[in-house]
Amino acid sequence: MSQENNEEIIEDNQEINQEQENKEVILQKELDELKDKYIRANAEFENIKKRMEKEKLSAMLYANESFAKDLLDVLDALEAALNVEANDEISLKIKEGVQNTLDLFMKKLEKNGVKSIDEIKEFDPNLHEAMFHVESKDHESGSIIQTLQKGYKINDRVIRPVKVSVAK
Numbered sequence: 001m002s003q004e005n006n007e008e009i010i011e012d013n014q015e016i017n018q019e020q021e022n023k024e025v026i027l028q029k030e031l032d033e034l035k036d037k038y039i040r041a042n043a044e045f046e047n048i049k050k051r052m053e054k055e056k057l058s059a060m061l062y063a064n065e066s067f068a069k070d071l072l073d074v075l076d077a078l079e080a081a082l083n084v085e086a087n088d089e090i091s092l093k094i095k096e097g098v099q100n101t102l103d104l105f106m107k108k109l110e111k112n113g114v115k116s117i118d119e120i121k122e123f124d125p126n127l128h129e130a131m132f133h134v135e136s137k138d139h140e141s142g143s144i145i146q147t148l149q150k151g152y153k154i155n156d157r158v159i160r161p162v163k164v165s166v167a168k
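Each residue of the sequence shown is one higher than the one before, counting from 1 in the UniProt record's numbering.
No lab work stands behind these hints: they were computed from the structure. In this text the structure is predicted, and so the values were computed from the model without any measurement.
Here are the simulated distance ranges between beta carbons:
1. 133 with 70: 27 to 37 Å
2. 132 with 48: 40 to 50 Å
3. 105 with 63: 16 to 26 Å
4. 63 with 129: 18 to 28 Å
5. 105 with 60: 20 to 30 Å
6. 57 with 142: 29 to 39 Å
7. 38 with 10: 35 to 45 Å
8. 20 with 60: 57 to 67 Å
9. 83 with 47: 50 to 60 Å
10. 48 with 140: 45 to 55 Å
11. 35 with 9: 35 to 45 Å
12. 51 with 105: 28 to 38 Å
13. 7 with 36: 42 to 52 Å
14. 35 with 120: 51 to 61 Å
Beta carbons: idealized from backbone N, C-alpha and C, even for Gly.
Can you make the complete structure from the sequences, with help from the hints?
If you want it as structure tokens, here you go:
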């Protein structure tokens, strides 16, 4: 073989090697891009999965909210029945039965996450609804003077605020 042939072969080999290296660089770049897409898609999938779990939990916790709200009227009626004056034995027995029914009703509501909002003396717009603002020398401004209607929560969500009168 001649020197020229050898040089041509060497040049051809160098070109082939250069093309191979270029292909490898391109393939490595494509591989890196695909890995990045995979990582992003996997992260997005995990985020969707977490969001679905959170929404599922929220749906389970608050599924009975509308039903519980409707039952508060029944609860109010039972409490009102207890405030009726009972003088004779029959009325006292009826009142005792209403009290037992109310106790059982409250236990069932609490079992399903419904609880009355604890009374506090300072007005909190997250828990209270001010029905009246009253001038008062005996109370600080913003303090609750009177509770007009009990409020209730289901888990940590207010389903009916406490209705109150507030000092000016």
